[in-house]
Amino acid sequence: MRSVHTIIAAMLLIATASPLRASEIPQGERRSGFSFMTPETRAMQNDDTANPGMLWVLDGETLWKSKTGAAGKACADCHDDARASMKGVAARYPAFDKALGRPVNLEQRINLCRTTHQQATPLAYESRELLALTAFVAQQSRGVAIETGSDPQLEPFIDKGRELFMLRQGQLNLACANCHDDNWDKRLAGSAITQAQPTGYPLYRLEWQSLGSLERRLRACMTGVRAQAYDYGAPELVELELYLMSRAKGMPMEAPAVRP
Amino acid sequence: MTSALINVPAKAKRGDIIEIKTLMSHIMETGYRRTATGEVVPRDIITSFSCRYNGIEVFRADLFPAIAANPFITFFTVATESGKFDFEWIGDKGFSETASASITVE
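First to last, the protein sequences are chains A and B. Numbering of the first sequence is given in my numbering, commencing with residue 1 and proceeding in unit increments. Numbering of the second sequence is given in my numbering, commencing with residue 1 and proceeding in unit increments.
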């Protein structure tokens, strides 16, 4: 009896001493969300004529070549062929922007390019056009290893993102890490929890019946734990994106991915 | 912006059974959903899909509100002669799109 009490006391001690295990996933155990999917959904992602994300890529290619804004310039007028100029770019985002002094994600970079160089209005988050351009740019990095976070200027922002990842929030009082670091090998209501490795964004979610950005996914998770989601483009969301991408450093890009 | 993805084998032997895959960009709004203010979101779906092989219809499908966005339709046919596949999607709000693909039969 006494030993049982000792064990319980010891367990309580462990539980209170580390309310969050916060054990990061070892390099060798990192897995893309792809590996958690059924063979049918994997086949859908791997076949470019079955992957609905490719519809956005096609639209993005059209937008890349079309002139817009007061400057009357197309993306292609400065960047030429995206196949060469955009290869590996998405694998480095979010990246540090000198003028703003903070990291910007790929969507924000496209909109900065629109406002400064094309003198056009920025595109709305999750609009067909912005998703299409992002998907087209990201697709050029398919198979390229993620490099985000190599820039030393990003370090304080990665730390902030990590803090947010570890922070318990919402009515359910859950941190991202409670599921995605500590319980990724388990299931929640029949679905695989996965490791939150953002290798395929923007991606086509069958549940959304649409392409969506990493920010949309993060906001949905926050709503899921009944927390107030940050607005699109909020610095906190970009920092969280930055942390997640740096956490997935070295994993190959698969945009536009398909997820259930 | 409307786009379609078509997968028809470029070459086939006469008499081969070939698979044709089509993916059409469309929201497939069911007509059963309501906005936050309670108004019905009008139905906007593709209602009909057809495929002609050198002018002869080889496949046709009617689509309904339960079909997901961006309908992915695949079917099989027999490669009989070189020529063209013509695809047509027709739907609500005057939606009408076409696409085509060629095949060489040896």
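It is worth saying that the hints were derived from the structure and are not from the lab. None of the values given here were measured: they were computed from a predicted structure. Incorrect hints may appear among the rest.
Stated by the list, open to error - Calculated pairs, DSS-like style, for lysine-lysine (alpha carbon to alpha carbon, straight line, at most 30 angstroms):
1) A:Lys67 to B:Lys93
2) B:Lys21 to A:Lys65
3) A:Lys87 to B:Lys21
4) A:Lys65 to A:Lys87
5) A:Lys65 to B:Lys13
6) B:Lys84 to A:Lys249
7) A:Lys160 to A:Lys98
As the list claims (entries may be wrong) - Across the chosen pairs, the derived CB separations fall in these ranges:
8) B:Phe75 to A:Ser127: 31 to 41 angstroms
9) B:Phe95 to A:Gly28: 26 to 36 angstroms
10) B:Val41 to A:Ser127: 11 to 21 angstroms
11) A:Ser127 to B:Phe64: 26 to 36 angstroms
12) B:Ser82 to A:Glu40: 29 to 39 angstroms
13) B:Gly83 to A:Gly28: 22 to 32 angstroms
14) A:Arg42 to B:Asp16: 40 to 50 angstroms
15) B:Thr80 to A:Glu24: 28 to 38 angstroms
16) B:Phe64 to A:Asp77: 26 to 36 angstroms
17) B:Thr35 to A:Tyr125: 33 to 43 angstroms
18) A:Gly28 to B:Gly31: 45 to 55 angstroms
Cβ atoms here follow ideal geometry from the backbone N, Cα and C, with glycine treated the same way.
Check your understanding: Failing hints, ascending?
Key -> Hints 5, 6, 9, 13, 14, 15, 16 and 17 not satisfied by this model.
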